[in-house]
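If you're matching them up, the sequences are chains A and B in order. Take my numbering: the last position of the first sequence gets the number 473, and nothing is skipped along the way. Take my numbering: the last position of the second sequence gets the number 1424, and nothing is skipped along the way.
No lab work stands behind these hints: they were computed from the structure. The C-beta atom is built at its ideal place from N, Cα and C for all residues, glycine as well. Among the clues, some could well be false.
To be verified - Partial pick of chain B residues on the chain A-facing surface, computed with a CB cut under 7 Å:
{"no.": "1", "residue": "Pro666"}
{"no.": "2", "residue": "Ser669"}
{"no.": "3", "residue": "Glu1309"}
As the list claims (entries may be wrong) - Simulated crosslink set (PhoX-like; lysine-lysine; CA at most 25 Å straight-line):
{"no.": "4", "chain 1": "B", "residue 1": "Lys978", "chain 2": "A", "residue 2": "Lys386"}
{"no.": "5", "chain 1": "B", "residue 1": "Lys947", "chain 2": "A", "residue 2": "Lys385"}
{"no.": "6", "chain 1": "B", "residue 1": "Lys628", "chain 2": "A", "residue 2": "Lys466"}
{"no.": "7", "chain 1": "A", "residue 1": "Lys385", "chain 2": "B", "residue 2": "Lys1221"}
{"no.": "8", "chain 1": "B", "residue 1": "Lys1191", "chain 2": "B", "residue 2": "Lys1100"}
{"no.": "9", "chain 1": "B", "residue 1": "Lys724", "chain 2": "B", "residue 2": "Lys1192"}
{"no.": "10", "chain 1": "B", "residue 1": "Lys915", "chain 2": "B", "residue 2": "Lys724"}
{"no.": "11", "chain 1": "B", "residue 1": "Lys696", "chain 2": "A", "residue 2": "Lys89"}
{"no.": "12", "chain 1": "A", "residue 1": "Lys47", "chain 2": "A", "residue 2": "Lys466"}
{"no.": "13", "chain 1": "B", "residue 1": "Lys1192", "chain 2": "A", "residue 2": "Lys248"}
{"no.": "14", "chain 1": "B", "residue 1": "Lys899", "chain 2": "B", "residue 2": "Lys1053"}
{"no.": "15", "chain 1": "B", "residue 1": "Lys599", "chain 2": "B", "residue 2": "Lys642"}
{"no.": "16", "chain 1": "A", "residue 1": "Lys386", "chain 2": "B", "residue 2": "Lys1034"}
{"no.": "17", "chain 1": "B", "residue 1": "Lys1208", "chain 2": "B", "residue 2": "Lys1361"}
{"no.": "18", "chain 1": "A", "residue 1": "Lys428", "chain 2": "A", "residue 2": "Lys89"}
{"no.": "19", "chain 1": "B", "residue 1": "Lys947", "chain 2": "A", "residue 2": "Lys386"}
{"no.": "20", "chain 1": "B", "residue 1": "Lys1221", "chain 2": "A", "residue 2": "Lys248"}
{"no.": "21", "chain 1": "B", "residue 1": "Lys1006", "chain 2": "B", "residue 2": "Lys915"}
{"no.": "22", "chain 1": "B", "residue 1": "Lys1034", "chain 2": "A", "residue 2": "Lys385"}
{"no.": "23", "chain 1": "A", "residue 1": "Lys98", "chain 2": "B", "residue 2": "Lys1034"}
{"no.": "24", "chain 1": "A", "residue 1": "Lys385", "chain 2": "B", "residue 2": "Lys1117"}
As the list claims (entries may be wrong) - Which bits of chain A does chain B cover? Going by a derived footprint, with three or more residues having C-beta under 8 Å, they are:
{"no.": "25", "stretch": "129 to 143"}
{"no.": "26", "stretch": "147 to 158"}
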Amino acid sequence: MNSEYLQQITRRHFLKEAGLGLGTLALGSLWGCSSGGNKNYFNAANPLQTKAPQFPGKAKSIIYLHMAGAPSQLELFDYKPALQQLDGQDCPPSLLEGKKFAFIRGVPKMLGPQAKFKQHGHSGAWISDNLPHLSTVADEITFLKAVQTDQFNHAPAQLLMHTGGPRLGRPSMGAWVTYGLGSENNNLPGFVVLTSGGKNPDAGKSVWGSGFLPSVYQGVQCRSEGDPVLFINDPQGITRDDRKASIEAINEINQQHYKEVGDPEILSRIAQYEMAYRMQIAVPDVMNINNEPKYIHEMYGTNPGKESFANNVLLARKLVEKGVRFVQLFDWGWDSHGTESNLAIDIGLINKCRQTDKAVTALLLDLKQRGLLEETLVIWGGEFGRTPMAENREGKKNPFLGRDHHTEAFTIWMAGGGIKKGFSYGETDEIGYSAINGKTNVFDIQATILNQLGFNHEQFTYEFQGRPFRLTDVHGKVINEIIA
Amino acid sequence: MKHLLFFLIAFLAAGAIYWWATELAKPVDFNTQVKPILNKRCITCHGGVKRESDFSLLFRKDALTKANSGKVAIIPGDASHSELISRINNPDPEERMPYKKDPLTKEEIEILSKWIDQGAQWGDHWAYTKVEEQKLPPSNSWVKNDIDRFIFEKINENDLSPSPPASKEVLLRRLSLDLTGLPADPELSKPFLSDKTSVEGAVDSLLNSPHYGERWASVWLDLARYADTKGYERDDSRSIWRYRDWVINAFNRDMPYDSFLIEQLAGDLLPNPTDNQYIATAFHRNTMTNDEGGTDNEEFRTAATLDRVNTTWEALMGTTFACVQCHSHPYDPFRHEDYYKFLAFFNNTRDEDTYADYPLLRNLEREDATKLKEITQWVEENSSKEKAKEVYRFVKTGEPVINSLTADHFVNAELSDTKWLIFRNHGVARLPRVELTDKNYLIFRFTSYKPGGVWAIHLDRPDGKIISEVSLPDSKSKWVTNEIKISQSQGMHDLYFTYANPNLKKPDDSGMIFDWFYFTDYSFKSVADNGVGKKYWELVTKDFQTTPIMIENPPSMRRVTQVFQRGNWLVKGDTVQPDVPASLSAFPKNAPYNRLGMAQWMVSKDNPLVARTIVNRVWEQLFGIGLVETLEDMGTQGIPPTHPELLDHLAHQLMNEYQWSLKKLIREIVLSATYQQDSKITPQSLENDPTNKYYARASRVRLSAEQVRDQTLAVSGLLSRKMFGPSVMPYQPGGIWLSPWNGATWVRSKGEDQHRRAIYTYWKRTAPYPSMMTFDGSAREVCTARRIRTNTPLQALVTLNDSVYVEAAYQLASLMKKSSSKLDDQIRFGYRKAIGHEPSLEVVSALMTLQNRTSSKVEIRKVKNTEDEGKNSGEDQPLMLVASAILNLDEFVTKN
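Here chain B stands alone, though its shape is the one from the complex (with noise of 0.2 Å):
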């Protein structure tokens, strides 16, 4: 007996110490098990933000150094002479750590103990590691492609089962409104719904539809915080529709994402950049400008900058950047150096804050587009290429020119409204460091209201050398663009102007403004009397349509960028160089340290986060949630992904085997099983999986209010299919517009254009259309990564009462009285039309007491507020509060 006890205690030990020696042996997990216990517990006081007695647990090499107490915390491989571990065991309070707050658990010293001992190995998060091939889990006869032995394998180990297939017309539904935002058309229904078209017909057809395009387009326009306005107090417009258009056709003719990342970051210093290269950099110039007078151009120039960088992070690599602003990133691996060397990429743009937006793309059309050829070739062959590209640059867009914003040194002189330099009589002004080199020629665009002006140029005193002096005609007010000549010199100078005009007889009255100044080596003046010279001034002074776009300065006007001081732009530090955080992918070898290489640098198939972070979004738009819940961080405080291996499968396709292509990415998604369930919720499958992370069943998601809109139109076949162009103001309620200081007025747009895509839909940013902001629209101030969805009752009230919805109910119900003569097929009809399959006969009967108990009541003789169409009037419309009901389902704004 004694002996068996024996035994079982000497068993029992050994088996103890077994155990102990094999968990010893377990490698500690820093990303699951360190990780967590250090951001929750050490980082707030020991981290990117706060470094308390300069230790710090961020990077490896930081934990790894003395301290101020001049002791070492962490020795790797020795975790009993580490301070740390002493410091978290320390019974005194005042030395135990975490200071003043609860002690660790036995378990998280356990773990920080054998971790040390393991070597203090720092892991690296997965959004920040290489997207590498995954290994494909086993098929099944569930399966139809890849993405389903992934999703197949969670829903197993989860113990549920994948739902049936969707009925052909829900797929259709879904299929239709996923790809192009519409109901499918009848032209593709009819051959589906009765098998003479193939699933993978229908999707190949929808995505082939113009309206795909449409249909993303507006996904990316609220990454880009595209708006036909300018934003802040003023909110005056912004002619930048043609960049909206860029992004739908882009979308249309499947440009390979890296393409499309590329042109739109760095489009003009791409070889001999296209217009549409340029239109493409508008990306970046969808920041705010703020016109309020008085404000600081500086200030608000650094704001859309700082707003490039946030957006280029939030937007197209899945990370929170905007923190490490004001100081090293809390928990993840960036320096705040690391911002501001990636701002410098971006801190060298012509863009000042200027009232125009300047620069700007002009649209040169049909003979205008034939002249400046013309001139460019004569300047080619009568001078040289890069004078060609010089003048081809110049003509197309203003640049560079020196905004007169810029000067300073003012006496009865000033930057009027802060935004151009005005002169009273015997004014001074200075424009400082202004390359000379070379340079005879100044163009500068002007107004005045006087004649008899007289404006001088000095070198480097208000008093110093002239080197031009003109009189300057009265322009009545008008911009006018001119050219002078002006002696040489050579070097940077600061300019001094000064003006005096006789006719200015008060003091206080102004005489001019100036715009902008373009100092050139080059007159047509001078070398062309053949006609060149009079079509050249013909385009530099005609008014075109523009585009605001970016253009990279030129050396002599280079900004110098310095960190900012815990965030703050006026307490300037360190000077940094363009780069990429040393914490990701290194930078392409042979890219250049510009824009365009920071580009090269996010589309090169080493960046961990570009290719993670579209996939997830173009998942989210199928399935109403990413892989990784937050869109906006994959960081170490983002919600981890549901499925790493799949996000990383698809990244890997999306880069190797389809070549960038989108379309080919959403159609393998598209033709998956998983797509394509039923996406009935049973009450066990709500138990198990109330969010549905492992996809046993389809997702039903609220339609985005684009599609609430879009869809209304087209199944009361009121919508137009007219796409691009301009803005359109269809109806919407008066006194939304009151901006201060802006007589801007919302004008109904005539004809078709009421009945336009969302997409066309005029934004005004502080103003934003009222109904899609009632869906969760975004008014694209600053980069919506993620439209949170809400469910409310003013919603109802759109759809119920705002005259597009009781206009199309109105018209809907037209159809159906068409349709047939009996009720029940009028209803059905309708109800076809809406939601694409047969009502049940409970919603018929629904309906019908509906019609019963209102048709002798309702007279709609006139659509509220759609006082123009005239098509309305006269015409009683009983079925309309039926239609309307149809047009109000929660199937019907759901995708199902």
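So that you can see chain A by itself, here it is in the shape it has in the complex (with noise of 0.2 Å):
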């Protein structure tokens, strides 16, 4: 494998047997990139042949569950007493200078947390009545509870969390995964996306876009209504058969053309039309939960034929099942900042835990009982944290209770995949506001992620504008402490 071979496969003309299926070529020693030359390996003439990572990885798959808006993790896993007794307190100016906040203005009160914490499992997790289903299942997980990041809005900070730089152009995780990884299976996309609560989140389709990488990498929207996949479903009047024949003619005057011309190409789109015609079926079986067993139903708390995070977390867990590599989930509606009711750290907060909780529960215990879990690694957070202090909109009291942007301390919990039960890692100070110890940020959390799934963050690189761009910029660290 010299290197002239390698740009050959990077100027899009691989060997004929594009399609034909070759199978997996052994290319581990291919990853790591020094300076000169085009090292980006993927063969163009099918993308997302399945690729050994650098290292035998504990995780084969990712199931990131993103709380948009930033959950508070004062009223659910950070349990501060002491900020209970300085609840309406003004907040001390040593917490306010030299800082800068999204909303607060001025000199805003401290805010106790509004939930009940109690130790759970044989851990002795905190974990808050907000989640009673979570609780149950505290011995499963690594609590991160000192994660930091530096974008306090939160299209810049989703951006961050996923892309690895807070502005637009650079690939998601879930596309570099796939970069990395290809498609274990061949008839679904992978990496798959799948929303709730209604809106897209802040940063729009670029949290699971491919940036400069190629756009066969970028996140394969599923949806709960309309096409499961875009124009997956044929138009009303075709059936099957006809399907076949049309794409069995196609195939046949493409095979005849190449015949002609010569142009390996053709042959890589004859393999795609094949995979289509798969994918028509393999999609909409996948996505459909109508045939799964009424107690899983009960475990989710699912509701069929309606958008729900909950049918998200179950379509996540088939998806993995079928081989998908990483499913992102992005469920809107966390951004608990007190301007109404619904976005209350007591109401709304409240009504988004209810929505979840069961199913996130459910999720975990459902991958363990199919002796998944080990290999699945299940990430849970939101893009920052929330303030220990109430905000004050424009300097004023806010109609309800909330919490403003918090980028110096909050929680992100993982389970699976390789990563310690029943851990915690990382402390924040006796009010939450700043992490003391055990710190984290955005970056060891994709170095870790990457690390599980076998990709040293460091060598794991795409060579574009002149340089190899990684994941992680130049920062990250994996974290070992919490590696089981």
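With the hints in hand, could you dock these two chains into one complex?
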């Protein structure tokens, strides 16, 4: 495998077996990058071909549950009795000097925890009564309680979390993983996105975009209404047999044409049409949750036929079972500013918890009972945390109880995929304002996710604009403390 | 025997010495021999990013000075005393370089030693040297024009031979798609295929088609990151389509490329800019605006400014400059501060990430334009030319105003949603550093919710001297523009605004919001009572259709540009002045040090990058791959050109012979024998030149996202050829737009607007038109210098099932049905219409089989989701699957 060969594949004219299923090439050793040359590795004729990671990873797939808007760690996992004592008092100037907040102006009041906390499981994890179901599986989870970011607005913070940069233009984590691993299932996309809550995440489709990677690696949005994948359903009146006949005719003519002009790209197109035909069966099949047994529906709290987070969580399990590498969920509505009741920390947040708690818990239990939890890394979190102070937008008291965006400390949890069980890492000060030990940041999370999949984040690169790019840019450290 | 042996040895030794001597004398080439070693082995630690031991190999000057060790790494002419050579040879692993990495090979050490002994000259990278006229290689019978001479030379060197010319049918389809993005009309194809029109004639006719501008503008809009929304979280609509139309017109008029760039970069700085010249500057107003509540406007103004620098370099000069934002370029001759000097050209425009996207050009039509003319004439006669210019600029652009979001020092006041200054009762806020010399009037835009508000303006302190105090009417939540008199002061002052309103009962109630402030010495209320003043106020307060444009800051509002340490905009370093990188061509004499001068520097014939970049891009559009494959990077990390002499030849022709005419450049390329070859690939040519980098055949290239749509609409007879105007919303599945905090919805356009060319499709950044994204279109959040083509099953699903394509298949099927009563003739008709030549017997037979397998069952009564047209309903269309198959053939979606 010399560099000329590599250049050829990056220049899109791979070998003649395009689409004819030569199978996986053992290319683990080809990863890594030095300066110069074009080291991007993908087979343009079959860009989703299964690839081996750089080293054997513990996790085979990822389910990333992103609570868009940023849930309050202070009402869920980071128990701060001392903050209760300060409730209603002016925030001390030391916490405000030189700081910038999205909406807090002037001197806000401190706001005590608006939930009751108890310890759960052998691990004694503190979890609030907002999450009665999750409390029962505390011993499966590692909590990261001192995560930090440097973006305090939703769109940039979501971009940072998923693409490693606060601005648009970089590939998302799922796109990187699909570029790195391909897809295990020939009939399904390698990277699937599911949204709930009625809105797309703040940063739009860029949070699952392919950035400068080829567009084939972007997340494919699967939908609960309309076509499950855009344009997957045949037009009305066209039967499966008709579609088969039409794809056979197209491919037969293309095959003829290949004989005439000899362009290997035509063979690739033939393969893509075959795959499209298979996807037309496989996608609606995997997206249909009606056939799941009753106990599964009860366990997840699903409601077939409607857009819901619970449905999406069940779909995520079905997708990883079928070999999808990266399933990204976004649930909208966690931005508890206190400007209206559904954004109140003591009303809206509780409703969001009710909508999601059961399904998230079911996911962990279900993966476990299927023996999939060990090879599936589940991540739950938002794009930042929320302030220990009550929000006072434009310097005024908000109509409901709410907290502003907070970058200095928030909680994310992980389970499965080779992560410790019943563990907590990182600590905040007694009011939950600052991280005091076990600090981690967005890049560390990304490095750890890649590590669990078998990639060294510093060597997993793509050559673009004259330099190798990586998900973690120039940052990130694997959080070895949480790895089992 | 002994003698013989002796002689032999002596002979060999002499030979070796001779060989050695000549080898030593052979000059080492920096670019091809030395630079690759430095880039690979040394520059990671001793380059633009890291300068371990204060030693860098990026610039000769740095490499010849003493490093931290106190020793000189490179002594030209003396390798043996050069520290670099002794360190790469040192056996001690603590001393040996590269540190903790594999040692250099013997050959590498030899090259470096020889290079130092020969004087250690740094060579310039090819792309950073001036474009020179090229010597033409010899001609032969295959050659049609000069391009072919260069191409033939390489074909020959690589033991290949050119392909025969493409058939007339294939050539015409290729030309038509390349030049207009559409298949050829019968008015062109009939005379061409019957030899009544020559190739030249056909090319000229295609270049003169209005569709030429639409096809090439699509390419430009990717570079300009043109979109119909502002981007980021809220991603609201932005009205900037007049820029798109300007680009189409500029291509159609064949505006010389140098003027094309000057107007886009600095049209506002030309003397008495026309509306079109202002609209051209929207090129750099296509940057994103962040309307998310709580965002720092200066942060996103800065982000937009950085984007302008990066786009200017990447799109127009084929150089990745973005890395210089954080540190000196790791491999190319650009220093960290070069970035900020260049940024200084862009850092003094009036835009400030405002919600309204100020500054805006207001589109005054007919009687309004006449009114403005009357007003400015009157001012010119009654005051001065200067004053007339000011009035004209204010009416047309509303500038220069102070945006209320620059206010600070709030008490009972705030920036509402971080966008506008909002007051509660007893509110105070500061407007910093306002030039008041000779200003007697203040025009301002505001909205208020309660009567009784009193607004006072204080000099320098909240309780300072009051220069104006007015009671503000209740505007009933509407935006209103008004004028007040202020007492005159001299110099620059902080202004403190106070606001009180007894009708605000609760302390948290807001009374009013300000948008902007315009301080002036000229009031129509005071000078004119002859109807001119009335007209002026009519125009100032009227709503017009607008386009975001560039306007330079007046002297009193100029920003200082500082280096951002390690690229962090909050950590400011040295102050810099506008300038261009010293390592490229010199700044033109007499050119002003502003955006206009910068643009003039770019299009000067000494600039090594601009002409090469556009030639390379045009070539890529016509051949599928650039002469430099990495369109975005011609630097040392880009892929070297396959035909450097040809690239320079065409760049030189463009600047001189063609006077920057892109039509002439394109004409020359498509009239070459190289372009007109057949595209068949033989197993041997695939083996010898898999990527077709020697052009011994024409390239087969999948059509662009725009072409896939436009061609399908055209061959099915659905295409609307209407040009220009606001973007349209053709059929799109439901549920694509779900932007937070934004009630915007996709409302399907009516009538022919459903079937306009792709370039007119509404482009929403956070949720772009799905079928075009599937075919590798760009979301246009930032500049896309090169689309990477992919081949995926999702593309098949679009052309099989997207309602746009289903409808097209339906229409093509009904044309086929009407064409004949015989199935095989119907199939021939449809295939010819789509692909432009007769189908083979095998094709006809495969499609007849399809028809026979399916016709009994297919009943497409209605095309899915196109409920409003009505024209499809009721009629069965059994040929629909055959038509759809034709529209899905590889030959159809590929340029052959």
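Tested hints:
{"no.": "1", "hint": "Pro666", "verdict": "violated (30 Å)"}
{"no.": "2", "hint": "Ser669", "verdict": "violated (26 Å)"}
{"no.": "3", "hint": "Glu1309", "verdict": "holds (4 Å)"}
{"no.": "4", "hint": "B:Lys978 / A:Lys386", "verdict": "holds (21 Å)"}
{"no.": "5", "hint": "B:Lys947 / A:Lys385", "verdict": "holds (17 Å)"}
{"no.": "6", "hint": "B:Lys628 / A:Lys466", "verdict": "holds (22 Å)"}
{"no.": "7", "hint": "A:Lys385 / B:Lys1221", "verdict": "violated (66 Å)"}
{"no.": "8", "hint": "B:Lys1191 / B:Lys1100", "verdict": "violated (46 Å)"}
{"no.": "9", "hint": "B:Lys724 / B:Lys1192", "verdict": "holds (23 Å)"}
{"no.": "10", "hint": "B:Lys915 / B:Lys724", "verdict": "violated (61 Å)"}
{"no.": "11", "hint": "B:Lys696 / A:Lys89", "verdict": "violated (67 Å)"}
{"no.": "12", "hint": "A:Lys47 / A:Lys466", "verdict": "holds (18 Å)"}
{"no.": "13", "hint": "B:Lys1192 / A:Lys248", "verdict": "violated (37 Å)"}
{"no.": "14", "hint": "B:Lys899 / B:Lys1053", "verdict": "holds (17 Å)"}
{"no.": "15", "hint": "B:Lys599 / B:Lys642", "verdict": "holds (20 Å)"}
{"no.": "16", "hint": "A:Lys386 / B:Lys1034", "verdict": "holds (12 Å)"}
{"no.": "17", "hint": "B:Lys1208 / B:Lys1361", "verdict": "holds (22 Å)"}
{"no.": "18", "hint": "A:Lys428 / A:Lys89", "verdict": "holds (20 Å)"}
{"no.": "19", "hint": "B:Lys947 / A:Lys386", "verdict": "holds (20 Å)"}
{"no.": "20", "hint": "B:Lys1221 / A:Lys248", "verdict": "holds (22 Å)"}
{"no.": "21", "hint": "B:Lys1006 / B:Lys915", "verdict": "violated (30 Å)"}
{"no.": "22", "hint": "B:Lys1034 / A:Lys385", "verdict": "holds (11 Å)"}
{"no.": "23", "hint": "A:Lys98 / B:Lys1034", "verdict": "holds (20 Å)"}
{"no.": "24", "hint": "A:Lys385 / B:Lys1117", "verdict": "violated (57 Å)"}
{"no.": "25", "hint": "129 to 143", "verdict": "holds (count 3)"}
{"no.": "26", "hint": "147 to 158", "verdict": "holds (count 3)"}
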